[in-house]
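Novice: In case you want the letters, here they are:
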Amino acid sequence: MKILVCISNVPDTTTKVTFTDNNTKFNTAGVQFIINPYDELALTRALEITEKQGGTVTAINVGLADAEPSIRKTLAIGANDAVRINAEPQDAYFVAEQIAAYAKSEQFDLILTGRESIDYNGGLVGGLLAEMLGIPSVNVITSIEIENGVATMERDIDGGKEKVSCKLPLVASAQKELTEPRIPNMRGIMAARTKPLKVVEVTGDLKTSATVGFELPAAKGGVKLIPADQAELLIDLLHNEAKVI
Amino acid sequence: MILVYAESIDGNFKKSTFEAVSFAAGIAQTNGVHCVAVSIGHVEDAKLAELANYGADKVVAVNSSKLAAFNAEAYAKAFANVAAAEGATIVVVSNTYSGKAVAGRVAAKLKAGIASGVISIPNTSNGFVVRKTVFSGKAFADVNLTTAIKVLAITPNTFDTHTFGKTANLTTADGGLSDADFISNSVEISRVTGKIPLTEAELVVSAGRGMKGPEHWGIIEELAQVLGAATACSKPVSDMHWRPHSEHVGQTGITIKPNLYIAIGISGAIQHLAGVSSSKVIVAINKDPEAPFFKAADYGIVADAFDVLPKILEAAKKLKAAN
Ligand SMILES: Cc1cc2nc3c(=O)[nH]c(=O)nc-3n(C[C@H](O)[C@H](O)[C@H](O)COP(=O)(O)OP(=O)(O)OC[C@H]3O[C@@H](n4cnc5c(N)ncnc54)[C@H](O)[C@@H]3O)c2cc1C
Ligand SMILES: Nc1ncnc2c1ncn2[C@@H]1O[C@H](COP(=O)(O)O)[C@@H](O)[C@H]1O
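From first to last, the protein sequence lines stand for chains A and B.
Be aware that the first sequence starts at 1, since it is given in the working numbering, and climbs by one per residue.
Be aware that the second sequence starts at 1, since it is given in the working numbering, and climbs by one per residue.
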C-alpha cells in the first residue's frame with residue numbers, strides 16, 4: 001500500500017488575520033504556521049492504515065522553503081518520506097497540477113487530502129487532482145477502511161452521511177472525525193532528521209486565477225445589551241427590529 | 001452561455017439550487033446570453049420546470065438508473081459534457097459538499113479557473129473578479145479568474161432567489177457515460193430526518209460548555225424547534241460527545257452563515273467565531289460580561305443561561321402562537 005498525503009502549510013488557527021501591500025498580501029509577520037488540521041488527520045489515518053497492513057506514507061507539499069518545518073513535522077509524526085514541490089502555491093488548480101505531475105510517476109494506491117485548507121477554504125484540490133489523474137474522488141470522508149484493494153468510506157452529505165465503496169486508486173479528502181491527530185514523540189522527531197525530504201521543481205506554469213486583493217469584514221456596530229430580567233425582549237427585538245424571526 | 005448545476009437530493013431541489021439558478025440567470029441576463037440548468041439523476045418534470053421559474057431558459061436532464069446515487073466522477077463527466085455541448089463560458093454550482101465534489105472535477109475537465117465560497121457576482125470591469133470568504137470567514141479575497149471558461153461555487157444563503165417566470169424548455173441528454181465512469185458506489189445513505197440540516201439552516205441555536213452537560217440540552221432543542229432553527233454546538237461539546245459531531249461549528253467544524261445565530265454559554269474563541277461570524281445577526285448569552293462573544297454579537301444578554309432561557313422560550317412560543 002502506497003499512500004500519498006497532501007499537506008498544506010497554513011497559519012495557526014489563532015492568527016489575527018491582517019494584510020500588507022495595500023491589502024494585496026497576507027501579513028505573515030509573527031504568524032505561526034502549522035500543518036493544515038484536516039491534513040494532519042489524513043496523515044494520521046494513512047499511518048494507521050499502513051501500520052496495520054504494511055506500506056509507505058509519503059507527504060507532499062507545494063510550497064517554498066518556509067513550509068519545511070511543517071513538512072519535517074509530518075516525518076516526525078511518522079511519514080516515511082516527503083516531497084516538496086518548490087513553488088508558491090498560487091491556487092488550487094496549480095497545486096493539483098503539480099501534485100498530479102508527481103503522482104503520475106509514482107503509482108499511489110491512495111491519495112489523501114484535507115477537506116479544505118483553513119486559509120483559502122477552497123476544498124478543491126482533491127477533486128481537481130483526481131480528475132487530472134483520471135481516478136475517482138470521494139470528499140469529506142469521516143472514515144475509511146481498506147480491504148482487498150477496495151476502500152469503504154463514510155462521507156458527510158448535506159444533512160446526513162453516505163457510505164461509499166470504491167476500488168483503489170482514489171483520492172479522498174479528510175473531514176474532522178476521521179481520526180485523532182498524533183503528536184510527534186521524541187523518537188519520531190529524532191528519526192525525522194534522517195528521513196528523505198526531496199525537493200522537486202515545478203512542471204508547467206498554467207495560470208487560472210490570481211488573488212487581486214483582500215478585505216477584512218466591517219466591524220460590528222457594537223452589541224445591544226438586554227437586561228437579564230427582561231430577557232424575553234430578545235424575541236421581540238429579533239422579530240421587530242432585526243426581522244430575522 | 002451560463003450553465004448551472006441544479007443539485008437535487010432524493011429527487012428534490014433545495015433552496016440553494018434555486019439560488020444558484022437565479023444567480024446564473026442574473027449574470028446571463030446582464031450579458032444577454034442564455035442560462036441553462038443541468039439536473040443529474042431522477043427528478044420529475046414538474047420539478048424540473050420550476051427551474052425555469054427561477055431563471056433557466058433551458059433545462060437539460062441527465063438521468064439513468066446508474067445516476068440514482070451521487071457519484072462525483074460520473075456526475076462531473078455528464079455535467080462537463082453538457083457544458084461543452086452547450087458552449088458554456090461560466091459554470092455555476094452551489095458550494096455544498098456534493099456541489100464542490102463536482103466543481104473541482106468539472107474545472108479540471110474544462111481547464112477552467114475555479115473559485116469556491118463565492119459571495120459576489122462577477123465584476124468584469126477589469127478582468128473577471130469574484131469575492132470569496134477566506135480564513136474561515138475572517139476575511140474576503142477578490143479572485144480574478146483568467147481562463148476562457150470559469151467555474152464558480154457560490155455560497156448558499158448568500159444570494160436571493162428571483163422568479164423570472166420563464167416557460168420551461170425541458171430537454172434530456174445522456175451525458176456520454178459508460179460503465180467505466182462508475183467506479184465508486186454509493187452503498188447507503190442515512191439522512192437525519194425531521195431536523196433542519198445545519199448547512200441549510202437560516203436560524204441556528206447553538207450552545208457550548210456553559211450548558212454544563214448533555215442532560216441540559218432539552219431547552220436548547222425546544223427553543224430551536226419553536227423558532228424552526230437548527231442546533232449547533234462548540235467543539236468541546238462535540239469532543240465530549242455531549243452532542244453529535246455534525247453540530248460542531250467553527251474553524252475545524254462546519255462554517256455557517258445563517259440569518260440568526262444564537263450562542264448560549266459559548267465563550268467566543270477565535271476558532272469558534274471563524275465558523276459563524278458571517279451570520280447576519282448574532283446573539284450571545286453568557287454569564288461572563290467579558291466573554292469575547294459579546295464583541296462579535298449584535299444582541300447580548302449577560303446572565304446565567306439557566307435563568308433566562310425559560311423566559312426566552314416562553315416569549316418565542318407566544319410569538320409563534322400569535323403569527
Ligand atoms: C486548532 C484548534 C481548532 C479549534 N476549532 C474549533 C472549532 O471549530 N469550533 C469551536 O467551537 N472551537 C474550536 N476550538 C476550541 C476553541 O478554542 C475554544 O476552546 C472553544 O470554542 C470553547 O468552547 P466553549 O465556548 O463551549 O467553552 P468554554 O471556553 O469553556 O466557554 C464556556 C462559556 O460559557 C459561559 N458560561 C458558563 N456557565 C454559564 C451559564 N450558566 N450561563 C451562561 N454562560 C455560561 C462561560 O462564561 C464561558 O464563556 C479550536 C481550538 C484549536 C486549538
Ligand atoms: N500547497 C499545497 N501543497 C500540498 N497540498 C495542498 C496544498 N494546498 C492544498 N493542499 C491539499 O488540498 C486540500 C484542500 O485544499 P484547498 O483546495 O486549498 O482547500 C488540503 O487539505 C491539502 O490536503
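Heads up, some of the hints might be wrong.
[What the hints assert, rightly or not] In the BS3-like style, the derived pairs of lysine-lysine whose C-alpha atoms are separated by at most 30 Å in a straight line are:
1. A/LYS167 to B/LYS111
2. B/LYS109 to B/LYS58
3. B/LYS287 to B/LYS311
4. B/LYS109 to A/LYS161
5. B/LYS280 to A/LYS161
6. B/LYS280 to A/LYS220
7. A/LYS224 to B/LYS287
8. A/LYS243 to B/LYS280
9. B/LYS320 to A/LYS220
[Said to hold, decoys possible] With beta-carbon atoms standing in for the labels, derived distance ranges:
10. B/ALA49 to A/THR20: 49 to 55 Å
11. B/GLY127 to A/THR20: 52 to 58 Å
12. B/ALA322 to A/THR20: 49 to 55 Å
13. A/ILE189 to B/ALA173: 35 to 41 Å
14. B/ASP288 to A/ILE183: 48 to 54 Å
If you are wondering where the hints come from, they were derived from the structure by calculation, not from laboratory data.
Only a predicted model underlies this, so the values are computations on that prediction, with no experimental measurement involved.
Glycine included, each C-beta is placed from N, C-alpha and C at the ideal position.
Novice: When you check the alpha-carbon spacing of B/LYS287 and B/LYS311, does it fall within 30 Å?
Specialist: Within the cut-off at roughly 16 Å; holds.
Novice: What's the verdict on B/LYS320 and A/LYS220, does the C-alpha distance respect the 30 Å limit or exceed it?
Specialist: holds, 29 Å
Novice: Is the hinted pair B/LYS280 and A/LYS161 satisfied, with a Cα-Cα distance of at most 30 Å?
Specialist: holds, 28 Å
Novice: Taking 52 to 58 Å as the stated bounds, is the beta-carbon spacing between B/GLY127 and A/THR20 within them?
Specialist: With a Cβ separation near 22 Å, B/GLY127 and A/THR20 fall outside 52 to 58 Å, so the hint is violated.
Novice: Between A/ILE189 and B/ALA173, is the Cβ distance one that fits in 35 to 41 Å?
Specialist: Violated, since A/ILE189 and B/ALA173 (Cβ atoms, about 56 Å apart) do not stay within the stated range.
Novice: Verify the CB-CB distance for B/ASP288 and A/ILE183 against the hinted window 48 to 54 Å.
Specialist: violated, 31 Å
Novice: Would the hint linking A/LYS243 and B/LYS280 be met if the CA-CA limit is 30 Å?
Specialist: Holds - the C-alpha atoms of B/LYS280 and A/LYS243 are around 11 Å apart, at most 30 Å.
Novice: For the pair supplied as a hint, B/LYS109 and A/LYS161, is the alpha-carbon distance within the 30 Å limit?
Specialist: holds, 27 Å
Novice: Is the hinted pair A/LYS167 and B/LYS111 satisfied, with a Cα-Cα distance of at most 30 Å?
Specialist: Judged against 30 Å, a Cα distance of about 26 Å means the pair holds.
Novice: Regarding the pair B/LYS280 and A/LYS220, is the alpha-carbon distance no greater than 30 Å?
Specialist: holds, 10 Å
Novice: Assess, step by step, whether the Cα of A/LYS224 is no farther than 30 Å from the Cα of B/LYS287, and give holds or violated.
Specialist: Answer holds: A/LYS224 to B/LYS287 is near 16 Å, not above 30 Å.
Novice: Using the beta carbons of B/ALA49 and A/THR20, state whether their distance is inside 49 to 55 Å or not.
Specialist: holds, 52 Å
Against the hints set out earlier in the document, violations occur for numbers 11, 13 and 14.
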